[in-house]
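Undergrad: Please construct the entire structure, taking both the sequences and the accompanying hints into account.
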Amino acid sequence: MAKSTLDDLKARRSVKAYKPDQVTDADLEAILEAGTFAPTGAGAQAAVIVAVQNEAVRDQLERLNADVLKNPSAKPFYGAPTVLAVVVDKTKPTPLEDGALVLGNLQNAAYALGVDSCWIHRAKEVFESAEGKDLLKKWGLDPSVYFGVGFCILGYASGERPTAKPRKPDYVIRVK
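The working numbering applies: residue 1002 is where the sequence shown begins, and numbers increase by one.
Hints were generated in silico from the structure; no laboratory data involved. Misleading hints may appear alongside valid ones.
Stated by the list, open to error - Here are the simulated DSS-like cross-link-like pairs (lysine-lysine), alpha carbons at most 25 Å apart as the crow flies:
#	residue 1	residue 2
1	K1138	K1093
2	K1071	K1134
3	K1125	K1139
4	K1166	K1125
5	K1169	K1011
6	K1091	K1139
7	K1093	K1139
TA: Below is the structure:
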């Protein structure tokens, strides 16, 4: 029996240790497609997803991310073989919100396919750096228009997957 969407949403967790095995092309395409169907303000589709499986570029993005942490020895991508950079067009009505929804769709789609993920922060700072701006230009994106929202790392857990913490009792307030 296939898992339901609600089961997936409750079970998905962020993974912070990965095997070196690359995500399959079919799974990556399905994950990317799901990202493109995230809701967007006014239907403006402000986000662009840059899928990086090139090891040198992935390592460059990880180094830039570690530089933002001011810890050059950090490995903020946890060994994940694929990195999806979500950048958004700041001229659109709700770019930050659109990018966040894209990242959520990417993570949920990955889980549904048996691929692990984690949202990694600091994309804004990475793409504000001179080197980050050069990458945007290389990818055909104007750095004066696009800013980073986050990175979604993808791969397969190298250990046990985390389990959900209990939900706090006051998470929801119902007003009738």
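Undergrad: Give a verdict on every hint.
TA: Going down the list of hints, with the structure as the test:
1. K1138 to K1093: 19 Å, holds
2. K1071 to K1134: 19 Å, holds
3. K1125 to K1139: Roughly 17 Å between the alpha carbons, so the hint for K1125 and K1139 holds.
4. K1166 to K1125: 29 Å, violated
5. K1169 to K1011: 14 Å, holds
6. K1091 to K1139: 19 Å, holds
7. K1093 to K1139: Within the cut-off at roughly 22 Å; holds.
Going down the numbered hints, you'll see the structure goes against just number 4.
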